[in-house]
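Trainee: Model the full structure from these sequences, guided by the hints.
Residue numbers (our numbering), protein chains in the order written: chain A, 966 to 1110; chain B, 966 to 1110; chain C, 966 to 1110.
Treat the hints with care, since some could be wrong.
As the list claims (entries may be wrong) - When the alpha-carbon atoms are kept at most 35 Å apart in a straight line, the in silico DSBU-like pairs for lysine-lysine are as follows: (1) A:K1098 to C:K982; (2) B:K1098 to A:K982; (3) A:K982 to C:K982; (4) B:K1098 to A:K1098; (5) A:K982 to B:K982; (6) B:K982 to B:K1098.
Calculated from the structure, these hints are not laboratory results.
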Amino acid sequence: MSFSVVTRELTVNTRGKGTYELTRELRGFVSASGIREGQLTVFVRHTSASLVIMENADPEARTDLHAFFDHLVPETLPFLVHTYEGPDDSPSHLRMALTRTSEVIPVQSGQPVLGTWQGVFLFEHRRAPHTRKVTLSLMGTTDPA
Amino acid sequence: MSFSVVTRELTVNTRGKGTYELTRELRGFVSASGIREGQLTVFVRHTSASLVIMENADPEARTDLHAFFDHLVPETLPFLVHTYEGPDDSPSHLRMALTRTSEVIPVQSGQPVLGTWQGVFLFEHRRAPHTRKVTLSLMGTTDPA
Amino acid sequence: MSFSVVTRELTVNTRGKGTYELTRELRGFVSASGIREGQLTVFVRHTSASLVIMENADPEARTDLHAFFDHLVPETLPFLVHTYEGPDDSPSHLRMALTRTSEVIPVQSGQPVLGTWQGVFLFEHRRAPHTRKVTLSLMGTTDPA
Chain A
966 MSFSVVTREL TVNTRGKGTY ELTRELRGFV SASGIREGQL TVFVRHTSAS LVIMENADPE
1026 ARTDLHAFFD HLVPETLPFL VHTYEGPDDS PSHLRMALTR TSEVIPVQSG QPVLGTWQGV
1086 FLFEHRRAPH TRKVTLSLMG TTDPA
Chain B
966 MSFSVVTREL TVNTRGKGTY ELTRELRGFV SASGIREGQL TVFVRHTSAS LVIMENADPE
1026 ARTDLHAFFD HLVPETLPFL VHTYEGPDDS PSHLRMALTR TSEVIPVQSG QPVLGTWQGV
1086 FLFEHRRAPH TRKVTLSLMG TTDPA
Chain C
966 MSFSVVTREL TVNTRGKGTY ELTRELRGFV SASGIREGQL TVFVRHTSAS LVIMENADPE
1026 ARTDLHAFFD HLVPETLPFL VHTYEGPDDS PSHLRMALTR TSEVIPVQSG QPVLGTWQGV
1086 FLFEHRRAPH TRKVTLSLMG TTDPA
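Mentor: Here it is as structure tokens:
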């Protein structure tokens, strides 16, 4: 078999709190790599943004996701001490810790095996716009299975 | 070294909310693959079911897991708007986002390196029975270490 | 390309609840492996300890992390039934389920692609000291990209 590793860094410009879909970029990256069977790792290089795989059909599902995290980790938690970077800083780390930094998606026949309704999103937890770096790493074979 | 990738899709028929153990299927898949050193990815292809690694000795540990998620993400959260598929739909996405969609387990000497008490479970978040697809992807070498 | 898999088990002696940084050990392991392009999997072999990637600049960020998990999953949840191993046992499984058991970090030019502020920590959830096993698995090529 002919194995290879292909790595690429995505830049995502966020416009404040919310979810930003990466699915099209992931599919394009896998397709362009020529790798047919393997494993795709998605890794966020930050501690105040994370990854989440969510339903991407009805945007209301993500409205509920955003509202839920504001409810579960409010910016007003009275015991927080790491506050000098603003009230949204420590909550952003907590929301990141509750979701994911890395996600690994099997690749089969040159496609990530995402389910019909699965989209991959960057989850921005800070209020201000940020430039986020997401590393994509694909390892596998260019031969058919 | 002789590298290969082996992929298989598991079908899990769930009977409503709860955890369904996959550990035996994972061990059987790794064993049958012939791969001795590598990495096993487990990936759930849904947004209302997830993965969790839990103690598999005392079933009461999982009773507490189920009760805790009913407590942390109740079906009665007043701010949810994505409700037309039933009161358990949006909470199922939130419970999925708080647990895992992918899990990667190192494989050594032809065995996943799970700890003594670790079991891998599909975590079903919907009330109704569902047919769930879980992709197993094993990449590594058939040579001894 | 010249592929290989390198696996090593780290032992971490914990002194009760809290986070224990593993970043230096991960970097040393990757560096010593000779692998330049690939994927590093970190896997905790326990159900009452987990992994978390957190800011490692200001220790107050981790103070907030510890306080938040005491708040989110208190040891006094009235519905817990798995209590014979102590009040911190079932909460430790729940805190583990909300964080991560495996984390995969791309390796590029012989270095894990961690962001500037990202540290990898073992998250101990039990009060008593424990000896924890963390498996590191690195798969990739020794050739330059």
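Trainee: Just to be careful, I want the Cα atoms of A:K982 and B:K982 compared with a cutoff of 35 Å; is the pair within it?
Mentor: Since the Cα atoms of A:K982 and B:K982 sit roughly 31 Å apart, the hinted pair holds (cutoff 35 Å).
Trainee: For the pair supplied as a hint, B:K1098 and A:K1098, confirm whether the alpha-carbon distance does not exceed 35 Å.
Mentor: Holds, at about 31 Å.
Trainee: Sort out whether C:K982 lies within 35 Å of A:K982, counting only the CA atoms.
Mentor: Distance ~31 Å between A:K982 and C:K982 Cα, so the pair holds.
Trainee: Need the status of pair B:K1098, A:K982: alpha-carbon distance at most 35 Å?
Mentor: Measuring from Cα to Cα gives roughly 32 Å; hence the hint holds.
Trainee: Measure nothing beyond the straight line between the CA atoms of B:K982 and B:K1098; if it is 35 Å or shorter, mark the hint as holding.
Mentor: Distance of about 16 Å is within 35 Å: holds.
Trainee: Keeping to a limit of 35 Å between CA atoms, is the pair of A:K1098 and C:K982 held or broken?
Mentor: Holds, at roughly 32 Å.
Checked against the numbered hints given earlier, this structure breaks none of them.
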